[in-house]
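Peer 1: Here is how the chains run, residue by residue.
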Amino acid sequence: MLKSYTDQQIIEAFRAGGTPRDSAWEYAFKTWKSGIISNIVRNGGTRDEAMDAIQDTCIHFENRVKQPGFMVERSLFAYFKYAVYRCWVNSRKTNSNVFSELRDEELENFSLEIDAQIVRGELARLLDETIGRLGNRCQSILSLALSGFSMREIAEKMGFQGGEQVAKNEKRKCQERYENYLNENPVIKEQLKNLFHG
Amino acid sequence: MVDDILHDRIEQYLLGNLPPDDCARLENEMAANQQLAEQVALQRLAITGIQRLAARDMRKKFELWDKETDGVSPQYPWLWATFILLGLLVFGIFLHYSKIRNKHEEHLRELEVIAARDSLITVLQADYRNLSTALDSLSRNSISEKDSLLKNELLLLRNRLKQGDRVLRELERQRNAGKSQMAMRLAPPPPRLRGNNQFSDSPVDRAKKAYNEGKYDQAVQLFRKIPDSDPAQAQVIQHLPLALFYAGDFSDAIPAFVKLWEDDPENEAANAQGYLMLCYLAEGKKTEVRQLRMVIVGNPNHIFYDKAVALKDSI
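Quick note, the sequences are listed as chains A and B, same order.
The first sequence lines up with residues 1 to 198 when you count with this note's numbering.
The second sequence lines up with residues 1001 to 1315 when you count with this note's numbering.
Okay, chain B solo, but in the shape it has when bound (with noise of 0.2 Å):
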């Protein structure tokens, strides 16, 4: 029998923990001593079967611990949130981008109609100048009005020009529309009108009640009422277009804006040059829109600068 100390020594040996020093002593001494080795075979032979024993033990954890996985996924909860997340960032991305293009598409697609409709308007204005020329000329040539041919030749060309009118007016109406949509978009939302006191009956606070309320055409009818002689007539000179502005009567809104204006150009100069480009957009004037958007955009700071900016592609 071996003892303990030249035992341990060999399971060292045919395990590799044995420092390289200590292993070339040993296989020298295996070298020199037949029985050494013998007994070093004899334990290398133990070892074998006692490392396939430990792997028959981890046969029985692996599958114990592959039951415990079966179906279930490795938690990776840092890697399942960030997939996750960039998923959610370029759904997200790509419902921005969609967002714009069909933004961008429909806006396309209304320059087209407006653009279609204009050429329109223009064709039927100058059929309808014409037609109406023609009446004109039939009615000086005519030498009798019992010239039935004749008779028939004029009324056809009369209704002809009271449908062409009657087209031409509807389109106009539409594209003034498109443009008073399109300036309401972008005007800002209704001011409230302050001071109001909803316990007095005074006219003025009438209006403005019937302002805040969104009830913008009653409050035009109201602020109308008030005489120029009352000492309310300054707030009337405030209030009055922007209540008719937000009642879509943007005609009359222009005068009330430019009066405004005038009367006040330290305080509310920046205000009616907003609104009143609105109201020229809304109008279909070009040209006056151009002039005073110039002046907007020529002041970052102005309150309607970032308005300014966006009507740019709509003229």
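Extracted from the complex, chain A is given alone in its bound form (with noise of 0.2 Å):
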């Protein structure tokens, strides 16, 4: 049976990162997910659209929440609907006033806070590239570091035998690969960096 948590259970396991912030997201994700994919499909959206705004935006949202100044003052759940829901609206260009029914300004605030940092279009295509030239093995590694998971998980999971310092090391090299390559590679470095700062 799932175990349930507080929003402040959902936030500390966040803090925790690895096995503990899995858990929680299983919990937040299955309890949640029914109220923000319909949110979406009653205002013309099919599922993978929200479900594709749930991916862009849980990352940010997960960061947002377990920093230290992060208040509840609603419950998490309207923050992550409306943060997904302000998500799915931008994508689509449209020019809707979906949101002129939202009068909280603490969740309107949060969401845009959110959305800001959701990269789309040729940025997102771009870093999707460069990203993927790092191949599975840094992939893997650098997406459980930045989910949380200790050295010894990461390298516990990756199978490296030397433990939480060749872990370390693995993923120092990877980051470095990565960084290489956009030296390497000015003119794509150029082109992220002005997509990225609009």
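Simulated from the structure, these hints should not be mistaken for lab results.
Since no wrong hints were added, every one of them can be taken at face value.
Listed below are several chain B residues computed to face chain A (Cβ distance under 10 Å; list not exhaustive):
| hint | residue |
| --- | --- |
| 1 | Glu1011 |
| 2 | Ile1047 |
| 3 | Asp1066 |
Calculated cross-link-like contacts (lysine-lysine; reagent style DSS-like; alpha-carbon spacing at most 25 Å):
| hint | chain 1 | residue 1 | chain 2 | residue 2 |
| --- | --- | --- | --- | --- |
| 4 | A | Lys157 | B | Lys1061 |
| 5 | B | Lys1259 | B | Lys1285 |
| 6 | A | Lys3 | B | Lys1061 |
| 7 | A | Lys171 | A | Lys193 |
| 8 | B | Lys1209 | B | Lys1225 |
| 9 | B | Lys1060 | A | Lys33 |
| 10 | B | Lys1060 | A | Lys30 |
| 11 | A | Lys171 | B | Lys1060 |
| 12 | B | Lys1103 | B | Lys1307 |
| 13 | A | Lys3 | A | Lys33 |
| 14 | B | Lys1067 | A | Lys33 |
| 15 | A | Lys33 | B | Lys1061 |
| 16 | A | Lys30 | B | Lys1061 |
| 17 | A | Lys30 | B | Lys1067 |
| 18 | A | Lys3 | B | Lys1067 |
| 19 | A | Lys157 | B | Lys1060 |
| 20 | A | Lys3 | B | Lys1060 |
| 21 | B | Lys1259 | B | Lys1286 |
| 22 | B | Lys1259 | B | Lys1307 |
| 23 | B | Lys1209 | B | Lys1259 |
| 24 | B | Lys1061 | A | Lys171 |
All C-beta atoms in this analysis are idealised placements derived from N, C-alpha and C, irrespective of residue type, glycine included.
Hey, can you piece these two chains together into the complex? The hints should help.
Peer 2: Here is the structure:
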């Protein structure tokens, strides 16, 4: 049976990272998804569009709520739901005034903040392409590290014999590889920087 | 190549994990150092790309969890249990009030029927008296029985009288039957007569055995066969009224209960009062019922108190 979490417990789990963070996400997703998806579908979206918006929003949402200064004034579900909804609306590039009904300033500000961090379009495509050059091994290490898994856990998952230190070294190498690729391809680097800064 | 410490520091800054003072310090350094600013921008791109990577991994997990919950509602057993219990409670309340309402409506209908019957009885009784008077008058004034017109009139009147009489008796029987049913409904269950020696063939034991087996008519006959001189007569006085009551012979039960009351006022008064009230009810003697009821409701400890209270609406 799925363990249930309070909002504060979800935030604590996000901060802990790794397996607790995954468990919290499992609970949050299974509990919130129908409300989030139906909200989008009700407004003319599809389930796949809803899942895309959830994907684009989740990491930034997690990063925001686990910061020390974040105060939970509404439910986490409400924050996430509106952030996903705004992401979906903006990804459709419609001039929709669906947020005209949203009178909640707190949720409005939160969703704007999250949406500002979401990359779309050409920038997203180029980033995906450059990161794709790292290969599956580096992608796995970097993704696990960003998800809050400890070096020990990464070493176990990746099967590194040398333990934590090896995992740390491998992570550093993967980061360097990416940075070196960009430095060696200044055009792409400039393109990314220009796209990033709008 | 940037050293590991600076690299980590920049990474923590970009992930929002640096304390505010350290953030400010790094930003000042960036403002003063173009190379540092370039490194921060580079790592920012990298982190943004890795975040998209992490988001894709999350998507895979979301799809997996979505399949797990497909068609399965979240398990909130306590919520479901609460809803089910609430539903049962509401249904129970609805059923209960439904039954009360139905009983009340049934009771009102019964009262209507009784009232209609009583009115009809009154009318028929008056009609009977008028016809009887008319017949007597005709009989007295008839000159000759050979007067065929008069004879026919007399015959018609007699027939009408007989029919009216039959209808009247039937209605009275029905009225009393309704009251008898009410009396039996209110009566306590027949108390078991103790001291019955099943191996004894004495008349009183045979009578008590018949009573305990529910053969009240037989019990009445057996009790009545016991002579007054028999020492068991005390038991007859005690048990015969009950046998008469449960056999439905209320008119004979009345004097039997009165005799019991007089014979043993200390121990049998309450019982006799209660049963007498029910006997009078069955016989339609409202005045006597009211009198006994007043005595009983005046004593909340009376064994027939609840039944007397329940009787209020019926009389």
